[in-house]
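Listed here are the chains, written in short residue letters.
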Amino acid sequence: MIKAVIVVNNHGKPRFIKFYDEIPEEKRIKLVKEVFQKITQRGDVLCNFLDGTHVSTEIADWSSDIKFVYRHFATLYFIFVIDSSESELGTLDLIQVFVEALDQAFENICELDIIFHPDRVLYILDQMIMGGLVFETDIKQIVFISEECDRLADEAKIKGQGRDKDPSFRK
Amino acid sequence: MSLSLRDLIRSVRNAKTISQARETISNESAKIRTSFRSEDAKSRPKNVMKALFIYLSGFNANYAQLECLKLIAMPSFICKKVGYLGLSILLDETEDFLVMATNNIRNDLISESKYTIGLALTALGNLGSEDMARDLAPEVENAMQHKDAFVKKKAVLCAFRIIKKVPETIDRFVGRIRLLLSDKNHSVVMCTLQLVELMVEKDQEIRKKFEKFTVGLCRMLKSLLEVPYSPEYDVSGITDPFLQVHIIKTLGLLGEFSQDSSEISSDLLGKVINGIKSNKNVGNAVVYEAVLSILRMKSENAIRMIAINSLSKFLMRQTNNLRYVALNTLAKIVKTNPKAVQKHRKIIVECLRDFDTSIRKRALDLVFLLINEKNAKNLIKELLTYLFETTHEFRSEIASKICFALERLDQDQKWQIETLIDVLTVAGQYVSENETSKTINLISKYSELQGYITHNLFNLLLKDRERSEKLIQVASWAIGEYGDLLLERVESYDSVSPIQILDLLEYLLSNTKDELTRFYILNALIKLTVRFQTQQKEVIERVKSLIQRFETSISPEIQQRSSEFLGLLEKDDIRFEILDKIPPIIIQQEQEQESESETKEKEKEKEKAQIIPIEDPKKQILNSSNNNNNNNNNNIIQKDQETKPIPKEKPKDSDNLITFITTPTIKTTTQNTNQLQNTILTGNNINQPKNDLDLLDTIFKTTVEPDKSQPKGIEMLKKQLSEGILEQNQNQNQNQNQNQNQNQNQNQSLNQNQNQNQNQNQNQKKIPSIIAFQKDGLTIKLDFKKGNVINNTIITAVFSNSNQQSLTNFKFQVAVPKFAQLKLGPPSGNIIPPNNSGIMTQPLSVINGMYGKKALILRVRIEYLINNTPKENFNFFLFISLFDQSNRSFFGSTWKKQILISKEKEKEKEKEKENSISILIKESIFGFLSENENLVIVLEFALQKNFNKIQKEIYGIGWSIIKPFSEENLSIWNKIISIPLFNGTPRSLLILQNPTKLIKDCYIHLYLQKTEMIKEILHLVPINFFFSKSDNIPGISKSLGNHFKLNPLINLSFKIQLFFQKNFELELLDCLINSIFLNFYQEFNQEISNKIKKSIKIEQRKLSIEVHNGLKSIRKLGEFFLDLEKKDEKIILNLPGPIHVINQIRKNPFFVLKLELIYLIDFGNFSSIQKHLEKKSCELFCNLINQEKVEFPFFISISKGIFFPFTTKGVLRKEEMIIPMLTNEQIKMRIQTNLIKKEKQFPKTIFPIKLENSEGNLNKNLEENLEENLERIQKYREEIKELEIRRKFENHFWK
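Protein sequences, first through last, are from chains A and B. For the first sequence, UniProt numbering assigns the number 1 to the initial residue and increments by one for each residue that follows. For the second sequence, UniProt numbering assigns the number 1 to the initial residue and increments by one for each residue that follows.
Heads up, some of the hints might be wrong.
Claimed, not checked - Keeping only pairs whose Cα atoms sit at most 25 Å apart, straight-line, the calculated DSS-like set for lysine-lysine is:
no., chain 1, residue 1, chain 2, residue 2
1, B, K16, A, K140
2, A, K18, B, K70
3, B, K16, A, K13
To be verified - Non-contacting residues of chain B with respect to chain A, defined by C-beta distances greater than 10 Å in every case (computed):
no., residue
4, F150
5, E289
6, Q500
Unchecked claim - One side of the interface only, derived from the structure: several residues of chain A facing chain B at Cβ under 8 Å:
no., residue
7, E22
8, V45
9, F49
10, S87
11, E88
12, L89
13, N108
14, C110
15, E111
16, P118
17, D119
18, V134
19, E136
No lab work stands behind these hints: they were computed from the structure. Because the structure is a prediction, the values reported are computed rather than measured. Backbone N, C-alpha and C define an ideal beta-carbon position, used for all residues, glycine too.
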């Protein structure tokens, strides 16, 4: 199971966070902060795994064998939190897929894209991972679906402009 | 107009400060909310998006939750998309809102658009709660059959979540798996495999059912491996590695319990491992998964080897990620496949030098798992070199792990000890005390190595003296114990002379700061005095001079120890036995953990034993008997050794030696008993000769490791004794009074040592009976008889009671060491009749399993009740305080003590009236008062009601006053006077002139006496101070009769030099005036100050010298009037008094000498102001420790709250004190004005207050009156309150 996906920039500012477990807000913040600190302390030469035991933030649902698998791309850290059922090396590949998908969807992704389009990032992630499980790793498919959805949404928008009022929820 | 999302993000990002950003956001939030309220459907998606952004920026946006639900319900796709997005961000599965969405999601699940279905499935997969899962399961099942793969894969994962939330739905989905697995779309298969993994883990039956998929899966994997290139799924040269990984994982799961499916798949997996030759991460991920699956499956050893070998290939790569996973996996399988892992030991050890701490740590863990008997030497050698190289954070862990590993293995001892020493050398500061003690333990065990090891340690220290404390500790222990071996040549080490050893120890001793290390070295020094045959005198002299340095150490422990060592040096008769080599230390496993100081040696035990008598004189008896015991036992042991070759030697006198140690202690509660027992036992055990130690070990688990339990025990003992004394007295007295009488008397430990040298062939000698216990009228006599078997002793315990009451509920319990067997016969009863009119007996039979080797020890516990009456739960207290009538204030110290009031009728008293209550107090109270007609002694009686141990309440019964010096009462001395008891508390004196509320017919009868009793110690008793005979006053011994006596040792003189600087007193006055009069004159200036100064005159000054413990004055040494004329001169005072006390006290760092300069000042015209001030003096606290110079804090304070800090400096020399005032000295100074202008020269009147009653049955009456009293108390409290309020009001008014 993937427990969470965290994207943090080099200064520790969280850019995108998705947790697949219900975790109180303050714990999320604490965890992200601590993981970021721990990861930045490690040089880029070292292995891309951080043991859950190194992180003191306690999260009730998470057992002790969670790992933080991370990759550093330019200004961003992509951190996947996984439990023991997930392969560490496989997760590294998954990060690669995620980043490539973003790259294709945004055409040369940069930090600003994530800031301005958190919805699209989430949508792309939703085409890869659902409820902590990976279901699609084909980058083309991922990008295609997200683009298709955008197109549909745009169409709906144009259509919707013609309609004055929404029939539902009227009092 | 509200902003667009893009503009909002931009403006927030452009905000220069956080508050600016916050402002923008709160403005926008307000607009969004307004828009929501107006049901503006058109801008709803936009607004929700903005709300989401606001939420993601860390602000509250929960108001948008409902809007999300509305959006989902809308038909348009954009609305749905935003709505679901908002749902997944703003809500979580615990939210109640979500239930409202269920229906909408259901509608969407059957929508025509696959994207809509996709959205709904995503939401369900991410957020679905248990209820939703149950409700929507059928729809999801349908979606799994959808024609589009996009919907299928999502539906499969939804099923995953549904099964997780509601496990019973599993059956619904099982049937779909087969079809889904054969789907063409890789993603669908991958999702399905994940579902399979879940199902297989959840249900064993399904696992079996699914085993048939193995073949198909293998085929699929094979085709994936063989497909040359498919651009669709290619990831850096490998076709769909994600799918491969999942197939492999599923195969592993299926093969975990099934031989068949393992056989089918394991070959293929082997191929995967060998076939993929990718240097990239992707390939490795697949290989790694294959390895994991193989290890999980029931695969053949050959294939397992392939798997493990590929892990070692990972290790050899320079990629950290691979090393990490490989080490992780190896650690998991090392238990099941130790041999295979052992093969790669070298590579693993290499990983210890990796840059990455995660990898190092894992490698280290693994290495320790790998250590076994064969490779231990090599591996530990590796680890030792690693220990040298590694960073500090790792050292402690490695060190303790090495020690642990050493312990686990049964290896060559020499190597073992050497390794431990190496560890201590390298990482001494990182290891716990445990390791030191383990090392010492090992050294003590192997006598043949001791010489070598001691030499080794000695040379280590000789080479480099700046070693870690731990190493020094071990070394000095070894040197102390086996110093004699250093004088011989051992292997390559040359012999050393005693002087060299002492040189080294001296260097170490003077250079260490660590207290524990000092203990060790001091111990070594004292031990060395008996180790050498030659140069003994020189050694002793040298050791003496070294130890003497620490006799005045600041640490009480070291001080105590060194002075005891010095004492020991004087006692040549016992020194050799005490300081003998200790036998190998045997530590039981469970104690090891706790015992921290187990390495402290036997000497310490002895010292501790010596501490006990200091704590309580009663224990002196115990100790002396212990000492005897020691000696005797030692003798026996020596004889034992001598006579071993000739076992049938004639028995000597001491052969039947039986010694007892009795330590009776009385406590009221049984709970305490156990504790006390233990502690006392500890006390005793300590005094046992060494050879008895292990024997004791076996009896008392708590004392197995004497070193360990001891400090604790002693501490407890001290504590209990200090608390106990009071209780004890009380108890005894209570016995006398027969008021309360639950008295559990118990607890003596009794050691019986029988010599085993007794000749078996000789006729059995009659063993004399012994009195085992005699206290409080109870006597226990033990009669001995030999049983049928040689090692059997039949003992009859005979109890008799000389009290006037019978002892009931008598219980006699006996414990023996483990090697002995005990049969306790039935007692003849449980009541012992009074006045020795009868006896009770109880037989016991003891078989000593170690007959001839170990002496027999019995431990006895006695419990009984005297006068089977329940415990009185009332205690009476008497408070005596002093009150100044003219000044209306209490002063001096209040004496408070529990008192015993006699119930007995004293018929000879004629004054008794039928209805009156009188109080008789059985204790004489002494006081030393300043003669002043305004002085009033206030007596207050209080009753303490004990509800239980903790809950106690004190009620005032009544109070009374005596005016000892007033004119009309001159006749109070030496006769019985009757004083009425008043209602309420003495606090009413503060308000009223005289107490008014009399308690009817209630009198105290007092017998006041001017006595010579405390004449001798008068100068030691502080003025206005009460004490009773049971109070402990330092330095004063209570000699026989009613007289207090000074400790006869006190007789030395002391010289003090005082310098008065020219302006000191003027400045003092300035300061005084400033501080006092500033309060009274709003415009206080120089003029007024001068005016005041003219009318103020110093009348007298005197110096008082006291010994002070920092809190209160302990004893007064003298008072001197200083000539007012002599100002700038040196004043030399010869104090004739008990300055010797100081010499004694000098050793105690807590005592200081307090010099107090007291000024009597005539305030002339300003006398009205004086009322606020009492006395003025400046005090100098001199520390008496033998530092040459001492510096003091200094301040002047005035009682009514003005505080003037001064900074001055004082210098104090050992023999003379020079007090230059106010320039640059530090003096502690307190100025208070005294009301009494011309104090008389402290006339001394001594009298004991004797309170006696004329009427008995007090308690009974008091109890009857208690209720009434409580009422009165309540009433009075209210009165006081009222008065206080009134007084406050008046004060306020006057201001």
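Hints versus structure:
Distance restraint check for B/K16 and A/K140: the Cα-Cα separation of roughly 40 Å exceeds the 25 Å cut-off, and the hinted pair is therefore not satisfied. Distance check on the hinted pair: A/K18 and B/K70 sit about 23 Å apart at the alpha-carbon level, within 25 Å; holds. With a C-alpha separation of about 16 Å, the suggested pair B/K16 and A/K13 falls inside the 25 Å cut-off, and the hint holds. Not every CB of chain A lies more than 10 Å from the CB of B/F150, the least distance being 7 Å, so the non-interface label is violated.
Interface exclusion of B/E289 from chain A breaks down, the closest Cβ pair being 6 Å apart, not more than 10 Å. No beta-carbon of chain A comes within 10 Å of the beta-carbon of B/Q500; the shortest separation is about 51 Å. A distance limit of 8 Å between C-beta atoms decides the matter here; for A/E22 the minimum to chain B is near 5 Å, and the interface restraint holds. Because the closest C-beta pair between A/V45 and chain B is about 6 Å apart, less than 8 Å, the hint holds.
Evaluation of the A/F49 hint against chain B yields a held restraint, the C-beta minimum of about 5 Å falling below 8 Å. For the restraint placing A/S87 at the interface with chain B, the shortest Cβ-Cβ distance is roughly 6 Å, inside the 8 Å limit, so the hint holds. At about 5 Å, the closest approach between the beta carbon of A/E88 and any beta carbon in chain B falls short of 8 Å, and the interface hint on this residue holds. The beta carbon of A/L89 is positioned within 8 Å of a beta carbon in chain B (closest approach about 3 Å), and the interface hint is therefore held.
Nearest Cβ of chain B to the Cβ of A/N108: about 19 Å, over the 8 Å cut. The hint is violated. Hint status for A/C110 relative to chain B: violated, with the closest Cβ pair at about 14 Å, above 8 Å. Interface restraint check: A/E111 against chain B, minimum CB-CB distance 11 Å, threshold 8 Å, status violated. A distance limit of 8 Å between C-beta atoms decides the matter here; for A/P118 the minimum to chain B is near 6 Å, and the interface restraint holds.
Because the smallest distance between the Cβ of A/D119 and any Cβ of chain B comes to about 5 Å, under 8 Å, the interface hint for this residue holds. Nearest Cβ of chain B to the Cβ of A/V134: about 7 Å, under the 8 Å cut. The hint holds. Taking 8 Å as the C-beta cut-off, the interface hint given for A/E136 holds, the closest approach to chain B being about 5 Å.
Checked against the numbered hints given earlier, the structure breaks hints 1, 4, 5, 13, 14, 15 and satisfies all the rest.
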